[in-house]
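Work out the full structure: start from the sequences and follow the hints.
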Amino acid sequence: AKDKYGDNVPIYEHPNIRSHEACFKSSSLAVELAQKYSSRLHVLHISTAQELDLFRNDIELKDKKITAEVCVHHLSFADSDYKDRGAFIKWNPAVKTKDDQQALWDALNNNKLDIIATDHAPHTIEEKNNLYFSCPSGAPMVQHALPVMLEHTLNNKISIERVVEKMSHAPAICFKVKQRGFIREGYYADLVVAKQSPYKVTKQNLLYACGWSPLEGKELSFQVTHTIINGHLAYKNGTIIDTKNGKELGFNN
1 AKDKYGDNVP
11 IYEHPNIRSH
21 EACFKSSSLA
31 VELAQKYSSR
41 LHVLHISTAQ
51 ELDLFRNDIE
61 LKDKKITAEV
71 CVHHLSFADS
81 DYKDRGAFIK
91 WNPAVKTKDD
101 QQALWDALNN
111 NKLDIIATDH
121 APHTIEEKNN
131 LYFSCPSGAP
141 MVQHALPVML
151 EHTLNNKISI
161 ERVVEKMSHA
171 PAICFKVKQR
181 GFIREGYYAD
191 LVVAKQSPYK
201 VTKQNLLYAC
211 GWSPLEGKEL
221 SFQVTHTIIN
231 GHLAYKNGTI
241 IDTKNGKELG
251 FNN
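Just so it is clear: in the sequence shown, position 96 is 96 by the working numbering, and no numbers are missing.
Misleading hints may appear alongside valid ones.
Only pairs whose alpha carbons sit at most 25 Å apart, straight line, appear in this in silico BS3-like list of lysine-lysine [claimed, not checked]:
{"id": "1", "residue 1": "Lys2", "residue 2": "Lys128"}
{"id": "2", "residue 1": "Lys218", "residue 2": "Lys62"}
{"id": "3", "residue 1": "Lys236", "residue 2": "Lys65"}
{"id": "4", "residue 1": "Lys83", "residue 2": "Lys218"}
{"id": "5", "residue 1": "Lys178", "residue 2": "Lys65"}
{"id": "6", "residue 1": "Lys247", "residue 2": "Lys236"}
Computed beta-carbon distance windows for the label pairs [to be verified]:
{"id": "7", "residue 1": "Ser80", "residue 2": "Cys210", "range": "24 to 30 Å"}
{"id": "8", "residue 1": "Ile241", "residue 2": "Leu41", "range": "16 to 22 Å"}
{"id": "9", "residue 1": "Gly246", "residue 2": "Gly211", "range": "36 to 42 Å"}
{"id": "10", "residue 1": "Asp58", "residue 2": "Cys210", "range": "39 to 45 Å"}
{"id": "11", "residue 1": "Gly231", "residue 2": "Gly86", "range": "39 to 45 Å"}
{"id": "12", "residue 1": "Val177", "residue 2": "Tyr37", "range": "31 to 37 Å"}
{"id": "13", "residue 1": "Leu41", "residue 2": "Gln179", "range": "23 to 29 Å"}
{"id": "14", "residue 1": "Pro122", "residue 2": "Val177", "range": "23 to 29 Å"}
{"id": "15", "residue 1": "Asp3", "residue 2": "Lys218", "range": "15 to 21 Å"}
{"id": "16", "residue 1": "Asn8", "residue 2": "Asn109", "range": "14 to 20 Å"}
{"id": "17", "residue 1": "Asp53", "residue 2": "Pro122", "range": "42 to 48 Å"}
{"id": "18", "residue 1": "Leu29", "residue 2": "Cys210", "range": "42 to 48 Å"}
{"id": "19", "residue 1": "Tyr208", "residue 2": "Asn253", "range": "20 to 26 Å"}
{"id": "20", "residue 1": "Asn130", "residue 2": "Ser38", "range": "41 to 47 Å"}
No lab work stands behind these hints: they were computed from the structure. Heads up, the beta-carbon is just placed ideally off N, CA and C, and yes, glycines get one too.
This is how it looks when you write it as structure tokens:
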């Protein structure tokens, strides 16, 4: 690509540069080493169909030594979106094909993929407007991760119950986090309230300090109204309540 385009490589070349082969070679090597040395391994950001055969769904999550996650954006964007979204959907690993995306959905629903993640990376808009080799990979996604996944429940890609499982229960089980990830007596109250209320993502309703989102212009059906951290209200109807509510996590290992 550099020989062909020089420094001005089009963003749509990104999935050819950060290729299917590169993804599989890196993931398969990590899994091979983990199996050889009986190590605990969690593989981030699966983006290709080929990688999915590296993972199991015939045992419970609590018993897995090798686990894997998928990001919201790999479930929501495909290489056909580079034309309109350009560098704003430049991630590592790269967003791949519609076929890869469908395979990720299938693996998420059949438990080969254990967790849904965000890979939140709030680069400045000035950085993202650079030419390919100077443009960092990554995008802000935390604010819209849950609304986007709830949107997918409306097109029957996933159930609400499975969204809760993969974004809350499974991370707590996978990393043995104490007293979190479930609504249970004695657990910390980490809660999100969302309502079905359609809106368009615009710069005016972004909460990211970087001031942009790859979702700008998209219509979403759900919005978060309240966020509660450790039993304390941290966000309400567009307002961040700036108090110190954090608490050290505990782990059962």
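Status of each hint after checking the structure:
1. Lys2 - Lys128: holds, 19 Å
2. Lys218 - Lys62: Distance of about 37 Å is beyond 25 Å: violated.
3. Lys236 - Lys65: Violated. Lysine 236 to lysine 65 sits at ~39 Å, over the 25 Å cutoff.
4. Lys83 - Lys218: holds, 15 Å
5. Lys178 - Lys65: Holds. Lysine 178 to lysine 65 sits at ~19 Å (cutoff 25 Å).
6. Lys247 - Lys236: holds, 20 Å
7. Ser80 - Cys210: 24 to 30 Å: At roughly 25 Å between Cβ atoms, cysteine 210 and serine 80 fall inside 24 to 30 Å, so the hint holds.
8. Ile241 - Leu41: 16 to 22 Å: violated, 38 Å
9. Gly246 - Gly211: 36 to 42 Å: violated, 25 Å
10. Asp58 - Cys210: 39 to 45 Å: holds, 42 Å
11. Gly231 - Gly86: 39 to 45 Å: The hint (39 to 45 Å, Cβ to Cβ) holds, given that glycine 231 and glycine 86 are roughly 42 Å apart.
12. Val177 - Tyr37: 31 to 37 Å: violated, 25 Å
13. Leu41 - Gln179: 23 to 29 Å: This hint holds: roughly 25 Å between Cβ atoms.
14. Pro122 - Val177: 23 to 29 Å: holds, 25 Å
15. Asp3 - Lys218: 15 to 21 Å: violated, 36 Å
16. Asn8 - Asn109: 14 to 20 Å: violated, 40 Å
17. Asp53 - Pro122: 42 to 48 Å: For aspartate 53 and proline 122 the Cβ distance comes to about 34 Å; the hint is violated.
18. Leu29 - Cys210: 42 to 48 Å: Between leucine 29 and cysteine 210, where Cβ atoms are some 33 Å apart, the hint is violated.
19. Tyr208 - Asn253: 20 to 26 Å: violated, 33 Å
20. Asn130 - Ser38: 41 to 47 Å: holds, 43 Å
Taken one by one, the earlier hints fail for this structure at numbers 2, 3, 8, 9, 12, 15, 16, 17, 18 and 19, listed in ascending order.
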